[in-house]
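Engineer: Okay, here's what each chain looks like letter by letter:
Protein chains: 2
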Amino acid sequence: MPRTTGRVTMPIQEGIDEQIRELAQALGADAVRNSDGTWLPEIASELVDKVYSTYFPARGDQEWALAHPDTLVNQYLMSARVTAMGPGPLRIDVLEGYFREQFRPCYERVERFWEVIDRTSGEVVPPSGWSVNQATGVLTVAEPAPWHEYTVGFLAEQVWDTTQMYNYITNGWGETDPTRVKERPYDVRKNGVWEYMREALGRWLEQHPEVDVVRFTTFFYHFTIAFNSEGKEKMVDWFGYSASVSPEAIDAFEAEYGYRLRAEDFVDAGYYNSPFRCPTRQFRDWIDFQSRFVAQRAKELVDITHAAGREAMMFLGDNWIGTEPYGPYFPSIGLDAVVGSAGSAATTRLISDIPGVRYTEVRFLPYFFPDVFNHDGGDPVGEANESWLSSRRAIVRRPLDRMGYGGYVSLALEFPEFIERITAICQEFRDIHELSGGELPQDAPFTVGVLNAWGALRTWQTHMVAHALWYKAAYSYVGVVEALAGLPFKVRFLSFEEVLRDGVPPEVGVLVNAGAAGTAFSGGDAWADGRLAELLRQWVAEGHGFIGVGEPSAYEQGGTFLQLSDVLGVDRERQLTLSTDRYPNVVDEHVITADLRAPFDDGEGAGGDVYATGPRTQVLSYVDGTLRVAANAFGRGRAVYFSGLPYSAVNSRTLQRALYWAARREDLLEQWFTSNPDTEVAWYPGHRRFLVTNNSYSQAATTVRGEGRSWELVLEPMGSQWVEVD
Amino acid sequence: MPRTTGRVTMPIQEGIDEQIRELAQALGADAVRNSDGTWLPEIASELVDKVYSTYFPARGDQEWALAHPDTLVNQYLMSARVTAMGPGPLRIDVLEGYFREQFRPCYERVERFWEVIDRTSGEVVPPSGWSVNQATGVLTVAEPAPWHEYTVGFLAEQVWDTTQMYNYITNGWGETDPTRVKERPYDVRKNGVWEYMREALGRWLEQHPEVDVVRFTTFFYHFTIAFNSEGKEKMVDWFGYSASVSPEAIDAFEAEYGYRLRAEDFVDAGYYNSPFRCPTRQFRDWIDFQSRFVAQRAKELVDITHAAGREAMMFLGDNWIGTEPYGPYFPSIGLDAVVGSAGSAATTRLISDIPGVRYTEVRFLPYFFPDVFNHDGGDPVGEANESWLSSRRAIVRRPLDRMGYGGYVSLALEFPEFIERITAICQEFRDIHELSGGELPQDAPFTVGVLNAWGALRTWQTHMVAHALWYKAAYSYVGVVEALAGLPFKVRFLSFEEVLRDGVPPEVGVLVNAGAAGTAFSGGDAWADGRLAELLRQWVAEGHGFIGVGEPSAYEQGGTFLQLSDVLGVDRERQLTLSTDRYPNVVDEHVITADLRAPFDDGEGAGGDVYATGPRTQVLSYVDGTLRVAANAFGRGRAVYFSGLPYSAVNSRTLQRALYWAARREDLLEQWFTSNPDTEVAWYPGHRRFLVTNNSYSQAATTVRGEGRSWELVLEPMGSQWVEVD
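As given, the protein sequences belong to chains A and B, one line each in that order. Counting from 1, one number per residue, gives the positions in the first sequence under the UniProt record's numbering. Counting from 1, one number per residue, gives the positions in the second sequence under the UniProt record's numbering.
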C-alpha cells in the first residue's frame, strides 16, 4: 500500500479485473482510462474516483463515416519532383511515393486547388497547360520546358485516419485482428458532420454514465503525417497544418480574409511550412483562421460535456491542430484539463505551463505497447527511469497536477519490476506536491526570454519535428529549452515581431536566440531589418544579457553573417573570410565554464568554423580551430555564445552559469546552487526547505549552498532528498 | 658525381665558394641564383651554364625610393567595424588594428577615395556627414544612427614593402642586422617611376654582364598582405588586388570604362574580393584593367632584357598581381620562363601547364630559411620528401623543364643528409625527362572540366587562400584538384559564363563542381539562373558525367538547396526538411568505392547532413546519419556525389574510379591501373614503357594492369620504377 494516494491515472482494459484492482491500489491511482482499441471494464467506477474515456470526435463512428463518404478529411500534398527529360508532354502520377491506403486524390475543382509549378524557372503553369486523368491520378503537362523540374500541389482525401493507421500498423492488427476496421476520419466542416458530432456526443454521454472525464483525442484535425508507398512514415510534422485543409475551409478563408490561398501556400515547395521555416503571412493567417474555428467548435463540444455533468479533458496530440495551447483562442475552449505525453523536461513544461485550464496531467513513457513491452530486448524499466528523470526536473520547477501511463496494461503486468518502479515513481510524484505544499520553488530574479519567429505560440516547443523525437540536426538546439525547463528561471517565449513592436519586456534579464541559419528559430530574414539588431544592441548595452546558440541572428548582410556579431563577439566562417588571420584570446578559467571537466560538448555544433571577431572576445572553449563558447562585454551588458548546447547535466549547468553571468548576477552562484552538476536544488522560501535531486544513475555527493550556509549530501542513484532549513 | 646533369638551379651566396662548387657538382646544377638579401659570388659564372639574378623592379633601389616619397604603392583597407554606442559623433581611427610600420593613410581626395558605410542599414554616409583629422588618422561621423555599425573604406600608403617586411620579420633582421633598410615600394603608375624603372633596368644589365637570366621578383603589385598592430599577419590573399590600387589607376579606369569604382568595390564589406567570393562585374573589370596594364609594362622590361641578350624569367609570387598566367594578356609579355614555388601537385601543375613561355621551373620546398633549417626540431629531409612526393605526381603527368631550391645555401650545408636526399631527387627528376623522351604519358580519352566562377583564369588555383597553405575550411575541396593534378586526365577549368554562352566543350566527358555554398567555386548566385541547371541536366542526360563535391550547385530555390539535386540524387539538409523521413538505399559494393578499406574520409564534409532524394540514388558511403558518397543515373548519364574529398592516395583513386564510372568507361580500370592506391602508373605508348611510382613512405607491392597483361611489382618507400613492355 502506498503512503499516500491520488494524482495518478492508469490505463485499464477488460478481462483482468483482479490484476487491475491490485495495480490501482499499489499505484494509489484515483483515475482510470481506456486506450485506442481497449474498452473500460465494468469495475472501473468502483476502483477509483474518476473514470476517463477516450472520445474521438473525428473518427469515433465508422458506420457513420462509411455512410457519408463525402466527409473525408483532406490533406494538401506535393507530388514528387519530376524532371522533363526532353521535349513532349510530362506525365506526373501525383500519388507516386505516397501510401494509397492513406490517400486518394481529391478532384474537386482541380483548377482551383491544384497547382503545377516549374521549379526551375519558378513559374506557375496555368491550368490550361495541364490536365488530370481522374481514373489514374496522372496529371499531364502538355508542353513543359525541357530539363525543368515540375511539381504538383494537390488536395488529397484521407481514406485512413492517421493515428489509427499508425496504431494498426505498429501493433500488427492486420495479422492479429484482421476484422478490425481501417477507420476513416470525417471533417467537421463538411456536409452534416458538425450536426452529427454534437448529437453523437450528447448520445454517447447519455449512454456512458460511468464516464466522469471525457478525454477528447483530440478534436478535428490531425497533425501532418503521410506514409510512403511501402506503408512507412514518409513525412511527419507535429505542427503541420496540411491535414486541416478542405475546399470548404479555403473558400471560407477567402471570404473572410479577402485573398485566395494557393496550393503553394500549403505545400510550400515541399517544406510544408515546417516550424523550422520562417513563417509566411499566409501560413500565420491560416493558423489563426483554423485555430479560431476549432476553438469555437471545440467549445461547443465542451459545453455539451459540461451540460451532462462531466469534465472535458483534451489530449494534446493526434488531432490537436487548431488547439495550440499557447495560442490566443485556447482558453476560450473552456477545457477542464489537458493531458499530454512527456518525452522530456521541455514537453513536460509544455503541459504544466498551459494557461486556462484547471489542471494538467502528463502521460509518462513508456507507452504500454509491444515495441517496448517485449522479452526480446525491450527495457520498460530503463525507459520509465529515463522518462521520470527527464520530466522530474520540469515537475520540480512547475508541478503537474496529475500523472499517468497509457497503453495496454496487460502488457505491463508481465513485467513486475516495471510495476515496482512506477509504484515508487507515483509516490515520489505525490511527495513533491505534499512537501512543497503548493509553493513554487524560488526562481532567479529575472526572466529568460527565448527569441524566435514563433514567440509564445510555441512555448517550450522549439526545434521539434515529431513530438520529442531525437533529431540529429536539432538536438544541439533542443538542449537549450530542455535545460531551461528544469532550471530556476521564469521563461518567456518572445517573437521578433513583438520585440520590434513593443521592445523587450521589462522583466526579461537575458534573451536567448538559438538555432540554425535560415530557420524560424534563428530568425532568417527577420534580421534583414536592421532595426532588430539596433534595438537589441541598445538593450544589451544598457545592461542586459544575450545568449546566442549555433547561428543566432544569422543573415548574410553588410559584411557579417551573424547580425549581432558585435554583441556576441563572434561570427561564423563560411569560406568568405579565410583571408583574415585569427588570433583567439583563449581564456582558461571562467565562471561560465567552471564545471567543465572535458571540452565543452556542442553536439553538432554550428556546422562550421566559428571565430572571435577580435581580442576583446573571451574564448572559453576552442577545439580543432573553432570556437565553442565565448563571452563578450558589450556596453554595460554581456553576451555569451555557444556553438551548440545538447542537453546534459553539465551543459545545463553551464547554461545556468552563463545566464547568471550575462545578467551580471554571479552572486546567484552562491544562492541555492549545488557543487555537483548532476544534482539540482529547489528552494521553497515559504516552507524553508529545499529539495535536492540526483539526475544521474549513480550515487552523487554534492554540496548545496544557500543563505551563506552549506550542506554536504550524498544522494542515491536517481534519488532525491528534502532538507529542512532552520 | 651524378649520372646525368642539368635542369637544376641552386641558390648560392658569397663567402663559401668551395662548398658551392662541390654542391653544384653533386646536384648536377646548371644554373645558380641569389635570393632576397644575398649576392652572387664571383665564381658563379664558371660553375654553371646560367646565372640567374633576382631583380626587384618595384623596390630594388631604396635610395631612389626615399628620394621620391610621392611614389609609394597604395592599398585599399577597411577600418574595423565600429558600433555607435548611442547618439553623438562616432570617431573611427581608420588604422586601428593595422601595422603602422606597414601603412599610413593616404589623404589624396578623401571624399573621392574614402567611403563610410552604415553596415546596419546598408547606406553610404555622404562625405558631408564625416570629416578626417589628417594629423591623427581619425575619421568622425558627425551624426551616426545610434546602435548602427560603421566602417570606413580608405586608401593607405604602403611604407614597407610586403615581402621584404615578411622576410625582415621572419628572419629577425631587426636584431641580427639592424642597419638593414626597411624597403619602400614604388608604384609604376606614379610620377616618374616608369621612366626610372626602364632606365634602371638598362643600367643594371650593363653593370651585371655575369647575369644570364633576369629573375623578375616579380613586377609591380604585390598580392594582398596586411599585418596587424602587433606586427603579425592580419590578412593574406594570394589573389588579392587590394594592393594594386592608386588614385592614378582608379582615375584611368574611370576614363576607360566609363564608370567610377568605389572604395566598396575593393574592400567589399571586408571580404576584399576573396577568390571564394562570387566575383562582381567591377572586380572582374579591375582584374582585366590591371592585367592589361601590367602586361604592357612588363613586356617593355622583358624587351629591354632581351635587347641586352639576356633571358627574362618571372617568379610567380610576391608582386605577381596583374600577371595571372592563365589570363588573356600573359603570353603577350614574352617571357622566356616562369619559376614558381611548389607546395603540392596542384601548384606544380599551375606552373608546368603555363602557356606562352619556353620553359618552366619549380622551386621545391623547403626554402632554406631558419624556420626549417635549425637543429631544434626542424626536419629539412622530411619536408624535402613531402614536397617531392606531392610534386612528383604532377611532374610525371606534365614534366616541368627545370627544378631548383631557394634560400640561404649556407644553412642547407649544415644538414648533409638533406644534401644527400636532394641529390637523389635531382637525379630522379632528370630521369623522368630522359626516359619519357619528351613524350607525355597517356591520358583518359575524355577531358575533365572543373566548373566554377573563375574558369581558366584560376587553372589549378581553386580554393587557395595563401599559396598552398592548408586551411581547415578548404582542404576538403583542395583535395579534388590535388588529386586531378596527378591523375591521367586532361583537365580544363571552365566558368559558368562560358558554359552558359558556348555549352560544355565537346572534349569534356565529366564535369566537376566542388565547393561550399555561396562561394565562387560552388557558384552561389550563378545558379539563380535556371538556364544553367537546364543546360547541365540536358548535357548529363545525353550521356555525360557530373561529379559534385560538398555543396555543388547550391542555391536555395524552388524547394531544393542543390539546384542539380535531381542529377546528383542528393540534397543537403538545412533543418528545413526534417519532417521528411529518409530511407537511404545503401549499396555495399560499388566500383567507385572498391578501394576503400575504411569509411570514406570526407574531411570537413559538407558541414551538415546530406541525404539521398530517393531510393534510386545509390548511397555508397553513409556514416552517422549522413551520406558521404552517392552515385546516380540521370538519363543516359551518370552523377557522383562526394561530401568532401581531402587529398589522400585512396581518395584520389576513388575520384579516378568515379570519373571513369561517371563517363561510363569502367573498362579503363583495366588499362594502366594499379591495384594499390599508394602507387600510380604512367604509360608512354610511343616508347612502350611505363613508370610506376610509390607515393607512400612504405614499401608497396602492387599489380599493374594494361593491354590485357599484368605485372607484379614491389617498390621501395617513395620509390619509382620504369618497366619496358615488349
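Among the hints, a few may not be true.
In this list, chains with the same sequence are indistinguishable; a pair is considered to hold if it fits within one copy or across any two.
To be verified - Pairs of lysine to aspartate or glutamate residues, derived as EDC-like cross-links and limited to a Cα-Cα distance of at most 20 Å, are as follows:
id, residue 1, residue 2
1, K190, E386
2, K232, D581
3, K472, D581
No lab work stands behind these hints: they were computed from the structure.
Engineer: Now tell me, hint by hint, if it's right for this structure.
Structural biologist: Do the hints match the structure? See the list:
no. : hint        : in the structure
1   : K190 / E386 : neither (43 Å within a copy, 75 Å between copies)
2   : K232 / D581 : between (50 Å within a copy, 9 Å between copies)
3   : K472 / D581 : between (32 Å within a copy, 13 Å between copies)
Going down the numbered hints, you'll see the structure goes against just number 1.
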